[in-house]
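Number of protein chains: 4
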Amino acid sequence: MLIRVGYDIRYEIPAQVAMAAMLHIHPSRSGDLLEPDEMQTEPRLRVSTYIDGFGNRCARFLAPQGLLRLSGSTLVQCPDTPDEVNLTAREVPVEDLPDESLIYLLNSRYCEVDRFINIAADLFGGRTPGWSRVQAICDWVNAKITFDYKQARSTKTALDVFTERVGVCRDFQHLAITFCRALNIPARYATGYLGDIGVPVRLPMDFSAWFEAFLDGAWWTFDARNNEPRLGRILMAVGRDASDVALSTSFGQANLTHFFVVTEEETSAPARLIA
Amino acid sequence: MLIRVGYDIRYEIPAQVAMAAMLHIHPSRSGDLLEPDEMQTEPRLRVSTYIDGFGNRCARFLAPQGLLRLSGSTLVQCPDTPDEVNLTAREVPVEDLPDESLIYLLNSRYCEVDRFINIAADLFGGRTPGWSRVQAICDWVNAKITFDYKQARSTKTALDVFTERVGVCRDFQHLAITFCRALNIPARYATGYLGDIGVPVRLPMDFSAWFEAFLDGAWWTFDARNNEPRLGRILMAVGRDASDVALSTSFGQANLTHFFVVTEEETSAPARLIA
Amino acid sequence: MLIRVGYDIRYEIPAQVAMAAMLHIHPSRSGDLLEPDEMQTEPRLRVSTYIDGFGNRCARFLAPQGLLRLSGSTLVQCPDTPDEVNLTAREVPVEDLPDESLIYLLNSRYCEVDRFINIAADLFGGRTPGWSRVQAICDWVNAKITFDYKQARSTKTALDVFTERVGVCRDFQHLAITFCRALNIPARYATGYLGDIGVPVRLPMDFSAWFEAFLDGAWWTFDARNNEPRLGRILMAVGRDASDVALSTSFGQANLTHFFVVTEEETSAPARLIA
Amino acid sequence: MLIRVGYDIRYEIPAQVAMAAMLHIHPSRSGDLLEPDEMQTEPRLRVSTYIDGFGNRCARFLAPQGLLRLSGSTLVQCPDTPDEVNLTAREVPVEDLPDESLIYLLNSRYCEVDRFINIAADLFGGRTPGWSRVQAICDWVNAKITFDYKQARSTKTALDVFTERVGVCRDFQHLAITFCRALNIPARYATGYLGDIGVPVRLPMDFSAWFEAFLDGAWWTFDARNNEPRLGRILMAVGRDASDVALSTSFGQANLTHFFVVTEEETSAPARLIA
Numbered sequence: 001m002l003i004r005v006g007y008d009i010r011y012e013i014p015a016q017v018a019m020a021a022m023l024h025i026h027p028s029r030s031g032d033l034l035e036p037d038e039m040q041t042e043p044r045l046r047v048s049t050y051i052d053g054f055g056n057r058c059a060r061f062l063a064p065q066g067l068l069r070l071s072g073s074t075l076v077q078c079p080d081t082p083d084e085v086n087l088t089a090r091e092v093p094v095e096d097l098p099d100e101s102l103i104y105l106l107n108s109r110y111c112e113v114d115r116f117i118n119i120a121a122d123l124f125g126g127r128t129p130g131w132s133r134v135q136a137i138c139d140w141v142n143a144k145i146t147f148d149y150k151q152a153r154s155t156k157t158a159l160d161v162f163t164e165r166v167g168v169c170r171d172f173q174h175l176a177i178t179f180c181r182a183l184n185i186p187a188r189y190a191t192g193y194l195g196d197i198g199v200p201v202r203l204p205m206d207f208s209a210w211f212e213a214f215l216d217g218a219w220w221t222f223d224a225r226n227n228e229p230r231l232g233r234i235l236m237a238v239g240r241d242a243s244d245v246a247l248s249t250s251f252g253q254a255n256l257t258h259f260f261v262v263t264e265e266e267t268s269a270p271a272r273l274i275a
Numbered sequence: 001m002l003i004r005v006g007y008d009i010r011y012e013i014p015a016q017v018a019m020a021a022m023l024h025i026h027p028s029r030s031g032d033l034l035e036p037d038e039m040q041t042e043p044r045l046r047v048s049t050y051i052d053g054f055g056n057r058c059a060r061f062l063a064p065q066g067l068l069r070l071s072g073s074t075l076v077q078c079p080d081t082p083d084e085v086n087l088t089a090r091e092v093p094v095e096d097l098p099d100e101s102l103i104y105l106l107n108s109r110y111c112e113v114d115r116f117i118n119i120a121a122d123l124f125g126g127r128t129p130g131w132s133r134v135q136a137i138c139d140w141v142n143a144k145i146t147f148d149y150k151q152a153r154s155t156k157t158a159l160d161v162f163t164e165r166v167g168v169c170r171d172f173q174h175l176a177i178t179f180c181r182a183l184n185i186p187a188r189y190a191t192g193y194l195g196d197i198g199v200p201v202r203l204p205m206d207f208s209a210w211f212e213a214f215l216d217g218a219w220w221t222f223d224a225r226n227n228e229p230r231l232g233r234i235l236m237a238v239g240r241d242a243s244d245v246a247l248s249t250s251f252g253q254a255n256l257t258h259f260f261v262v263t264e265e266e267t268s269a270p271a272r273l274i275a
Numbered sequence: 001m002l003i004r005v006g007y008d009i010r011y012e013i014p015a016q017v018a019m020a021a022m023l024h025i026h027p028s029r030s031g032d033l034l035e036p037d038e039m040q041t042e043p044r045l046r047v048s049t050y051i052d053g054f055g056n057r058c059a060r061f062l063a064p065q066g067l068l069r070l071s072g073s074t075l076v077q078c079p080d081t082p083d084e085v086n087l088t089a090r091e092v093p094v095e096d097l098p099d100e101s102l103i104y105l106l107n108s109r110y111c112e113v114d115r116f117i118n119i120a121a122d123l124f125g126g127r128t129p130g131w132s133r134v135q136a137i138c139d140w141v142n143a144k145i146t147f148d149y150k151q152a153r154s155t156k157t158a159l160d161v162f163t164e165r166v167g168v169c170r171d172f173q174h175l176a177i178t179f180c181r182a183l184n185i186p187a188r189y190a191t192g193y194l195g196d197i198g199v200p201v202r203l204p205m206d207f208s209a210w211f212e213a214f215l216d217g218a219w220w221t222f223d224a225r226n227n228e229p230r231l232g233r234i235l236m237a238v239g240r241d242a243s244d245v246a247l248s249t250s251f252g253q254a255n256l257t258h259f260f261v262v263t264e265e266e267t268s269a270p271a272r273l274i275a
Numbered sequence: 001m002l003i004r005v006g007y008d009i010r011y012e013i014p015a016q017v018a019m020a021a022m023l024h025i026h027p028s029r030s031g032d033l034l035e036p037d038e039m040q041t042e043p044r045l046r047v048s049t050y051i052d053g054f055g056n057r058c059a060r061f062l063a064p065q066g067l068l069r070l071s072g073s074t075l076v077q078c079p080d081t082p083d084e085v086n087l088t089a090r091e092v093p094v095e096d097l098p099d100e101s102l103i104y105l106l107n108s109r110y111c112e113v114d115r116f117i118n119i120a121a122d123l124f125g126g127r128t129p130g131w132s133r134v135q136a137i138c139d140w141v142n143a144k145i146t147f148d149y150k151q152a153r154s155t156k157t158a159l160d161v162f163t164e165r166v167g168v169c170r171d172f173q174h175l176a177i178t179f180c181r182a183l184n185i186p187a188r189y190a191t192g193y194l195g196d197i198g199v200p201v202r203l204p205m206d207f208s209a210w211f212e213a214f215l216d217g218a219w220w221t222f223d224a225r226n227n228e229p230r231l232g233r234i235l236m237a238v239g240r241d242a243s244d245v246a247l248s249t250s251f252g253q254a255n256l257t258h259f260f261v262v263t264e265e266e267t268s269a270p271a272r273l274i275a
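Chains as they are written, first to last, in my numbering: chain A, 1 to 275; chain B, 1 to 275; chain C, 1 to 275; chain D, 1 to 275.
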């Protein structure tokens with residue numbers, strides 16, 4: 001399956017400001033790109049890219065005063081099958097976890113693991129460890145939290161989500177991640193493209209958030225918001241929580257004026273592939 | 001100057017538990033070690049060490065039920081001069097910061113940068129950028145916050161410190177770090193040994209916390225708690241905040257029963273050096 | 001000046017629910033009413049009214065499943081002059097405050113006085129006590145907080161307002177009230193009608209919030225949101241904060257479906273007055 | 001049963017400060033006093049007393065710079081039976097609650113009812129309404145929260161208690177009160193004397209906190225900390241939470257230097273009674 005992804009994001013910049021963006025496809029998917037994955041800027045800026053400590057491809061640039069447009073598009077080969085499910089995946093005892101996964105057990109800005117140890121134990125401590133426990137967490141979050149775009153705010157933490165019971169997709173994942181970590185299951189925040197392929201309701205397109213849990217030696221995709229295996233999920237960045245993988249960060253003021261994201265199946269094979 | 005450092009920490013472990021410890025001297029100080037820096041465990045355990053994403057040397061082990069003792073001691077060569085002061089160090093515009101410093105501008109568990117943008121601008125936005133601004137932050141924190149061991153708690157964030165105005169050394173640093181980041185100055189949390197060499201008041205020894213700010217191309221030591229250049233500071237670990245560099249983390253219950261830390265000038269040169 | 005006030009509020013009630021409403025004009029304005037101040041309900045319900053501990057006139061009723069409409073209208077005689085300003089009003093030392101004002105120095109749900117003692121002292125401790133200090137508080141809040149309907153939420157406290165710097169009129173008042181109390185100035189939350197008489201910009205009508213501070217033996221109106229003396233302010237209820245004076249409280253689910261408020265100068269004298 | 005109660009509390013007052021105290025026996029127990037209930041001050045101060053909006057007897061005075069001592073003692077007749085238990089007491093539908101009880105359904109500083117609606121419904125929504133539900137709340141709080149004097153802090157809210165799971169007696173009651181209110185059961189905070197009569201463990205004496213829930217037309221004593229009917233409980237004050245009934249409040253600095261409370265059964269009948 002070929003998926004066309006892309007974005008067109010515009011800002012009004014009141015005064016020159018340094019910005020960072022995580023709008024590239026994650027390096028783990030480089031082999032699936034059928035077109036170059038480049039970010040265009042208008043005006044044309046000098047953009048430097050680097051791989052951050054989480055393995056994400058980041059872009060940095062200095063945005064001048066005025067209008068700024070970031071855009072890009074690429075074509076990604078995706079499996080014809082939805083997110084993998086492995087019901088027999090076991091939890092890994094902490095002593096056997098890989099070193100680099102340990103950081104995903106710790107606190108982060110939006111995931112106050114230290115305040116959830118007992119809540120998580122009360123709710124999920126008695127569940128069978130492994131895939132089914134992570135799934136039980138997703139089921140709980142999905143059932144208890146109501147989606148509402150109007151109730152988004154940048155300071156909302158897992159504890160806020162737990163008490164307010166409303167939020168957007170990042171909030172669902174933050175709460176689920178925090179429950180996992182509190183139970184010693186490494187969990188990390190993920191952002192990327194998620195089309196509505198094979199899904200009846202079509203929402204306005206946006207980037208999406210989900211999370212990955214470490215079970216049985218590998219990172220697995222979970223999504224407490226949609227809570228069902230989906231086709232065509234394309235990873236852009238992972239991190240400890242939304243703080244680490246903001247699609248754009250401006251170190252000063254930048255006013256978003258336009259936001260367009262596309263994720264669609266490309267049904268006719270592109271010329272490049274045929275050739 | 002030679003400084004003898006060491007620790008003897010004991011726990012009562014109710015049931016086998018995985019633990020991690022950051023009790024080693026930081027790799028950046030390896031060249032200053034005059035004795036091996038090894039952690040002993042009682043009972044003798046299989047300990048694996050690794051370097052984490054922040055560059056710290058970490059130890060991992062599985063602690064069995066019963067008593068656990070972690071101890072170690074080494075001798076470190078230190079400059080005869082206190083923490084360096086560079087009054088002319090300038091702030092680096094965000095666009096010129098090294099890639100790897102950017103993460104130290106972001107939110108973390110105890111440093112809610114997103115909630116401090118305006119508070120920091122109100123208090124320090126008008127200050128001359130550079131070393132003197134970071135020093136102004138330290139002066140403010142040092143003047144406004146009262147030290148009180150009895151008011152420590154593991155969930156206390158920079159915002160709690162700002163409102164409660166009382167805390168222990170980690171709390172002083174979390175608040176100062178958050179102010180720095182909110183002003184686009186990279187700042188990271190540091191732990192290590194800090195003796196009371198040349199200081200009149202002698203407190204019971206403990207590990208200490210300070211922070212580093214990135215100015216003029218380098219990381220500089222600041223200490224909002226003591227707020228004066230000190231002799232013999234020996235780094236153990238750096239991270240985004242105290243979550244990342246806990247001296248020990250147990251993924252289950254471990255009850256601290258004994259805690260002893262030493263940091264003293266060793267006045268007679270050790271045999272090894274003479275030979 | 002005669003002011004016509006009224007409201008038409010509708011709910012969809014999924015299951016029978018007890019409700020309370022504070023939609024009456026405050027008893028202190030009874031003498032200014034030129035028409036009866038009655039709340040109609042559709043369907044017609046048995047409504048009981050009482051005066052609560054803060055002196056407000058409250059209504060209670062049991063709403064049946066289905067549609068519910070609350071409406072009312074009355075005509076109020078108002079002074080032709082705006083909110084009184086008394087620049088020489090002094091702060092009253094706590095020992096001389098009336099007993100019943102002391103509760104307005106204490107903490108309440110949205111006014112965490114205990115967390116603002118030092119912040120208030122830092123910002124306003126050096127100001128000349130009295131009217132000008134309360135005005136300085138209003139000026140600060142008015143300048144620093146941005147109004148945004150979309151950023152309202154029912155759990156937002158003064159501390160949230162202080163860090164997020166955005167909110168609706170209740171948020172402005174909560175922050176100002178908290179500053180006052182932290183400085184030992186009794187302050188209470190007020191709701192009522194506030195027309196836009198004599199004001200250029202006309203917003204969609206809503207109930208409004210302001211606050212009262214106790215100076216020189218009396219309660220005076222302040223409004224950190226509008227921050228200028230206004231014509232035709234008509235009090236409905238006072239309390240410790242918004243928790244105490246919700247225009248309607250349902251002890252179960254009640255979904256607001258329609259909301260209309262009117263506050264207008266009535267230019268032709270009504271028949272009753274002429275007679 | 002006769003119970004001797006009393007207190008001796010001393011402060012160091014750095015500068016003249018207004019204070020309020022709630023150290024009197026509650027007016028509802030006036031008929032049980034066998035000796036006058038007077039507060040002595042050293043130095044001798046002009047003290048005025050009044051009944052606050054919650055029905056408590058409060059004292060106010062201006063404390064001069066220097067040492068201050070508040071002391072008092074009285075003898076109270078108490079039933080020979082422990083706190084009454086009424087297992088058949090029903091919850092009162094909100095529409096039938098007395099007007100003056102409604103305020104005890106609302107939010108207050110330490111009881112964030114708005115953040116607990118769903119948590120309370122999850123935990124206790126399925127319980128049989130009435131006495132047994134309030135008892136289930138007390139059982140839960142008593143089982144889940146650990147008592148620790150060293151973990152007290154004045155800003156700790158019900159939500160903090162719920163996440164930290166540790167606190168002192170006021171914290172236990174705040175959490176239980178919040179659960180009750182979230183389920184539409186009026187609940188109010190109470191302070192007073194509680195001896196250890198008939199209880200094996202003898203702790204250092206202190207004032208105590210408990211709470212009252214409104215069931216079946218009356219306020220009943222519950223105590224999530226001790227969680228068993230006790231002898232000789234003597235009420236001093238009730239309020240929405242600890243903010244309203246602080247045993248002393250100083251509107252400026254007052255440093256506590258000595259604290260002594262006594263609550264003991266007086267076995268020999270006093271002269272006054274015999275006569």
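The hints are simulated quantities; they were obtained by calculation from the structure and are not laboratory data. Treat each hint with caution, since some may be false.
You can't tell identical chains apart in this list, so a pair holds if it fits in one copy or across any two.
Cut-off 20 angstroms, straight-line C-alpha distance, at most; resulting in silico cross-link-like pairs (EDC-like, lysine to aspartate or glutamate) [said to hold, decoys possible]:
#1 Lys144 x Asp122
#2 Lys150 x Asp114
#3 Lys144 x Glu228
Consistency of the hints with the structure:
no., hint, verdict
1, Lys144 x Asp122, "both (16 angstroms within a copy, 10 angstroms between copies)"
2, Lys150 x Asp114, "between (28 angstroms within a copy, 19 angstroms between copies)"
3, Lys144 x Glu228, "within (16 angstroms within a copy, 34 angstroms between copies)"
In the structure shown, no violation is registered for any of the earlier numbered hints.
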